[in-house]
Amino acid sequence: KEFQRENERRKIKGLKLLEKGETPPEDEEDDSDIFLNETALIITDLIRLASGISQIQ
Numbered sequence: 022k023e024f025q026r027e028n029e030r031r032k033i034k035g036l037k038l039l040e041k042g043e044t045p046p047e048d049e050e051d052d053s054d055i056f057l058n059e060t061a062l063i064i065t066d067l068i069r070l071a072s073g074i075s076q077i078q
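When you read off a place in the sequence shown, starting at 1, and then add 21, the result is the number in the numbering used here.
Hint data in this document are derived by calculation from the structure and do not stem from the laboratory. Honestly, I wouldn't trust all of these hints.
[Unchecked claim] Mimicking DSS-like on lysine-lysine, the simulated pairs with C-alpha atoms at most 27 Å apart in a straight line are:
no.	residue 1	residue 2
1	K22	K34
2	K32	K22
3	K22	K37
4	K41	K22
Just so you know, these numbers come straight off a predicted model, no measurement behind them.
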């Protein structure tokens with residue numbers, strides 16, 4: 022799935038898609054993974070809800 026996400030990201034940015042087994046050049050690598058970032062935010066919210074820190078008003 023990581024390979025598939027990388028190619029989706031590259032397609033959106035207009036970069037050349039990777040062939041199977043190919044790794045992105047180091048000067049092109051990007052640490053931002055939108056799915057990973059969003060997942061981290063959701064998990065943080067769930068932890069707050071489970072521990073009672075968040076209050077619905």
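Verification of the hints:
1. K22 with K34: holds, 18 Å
2. K32 with K22: Holds, at roughly 15 Å.
3. K22 with K37: Cα-Cα ~18 Å, so holds.
4. K41 with K22: holds, 12 Å
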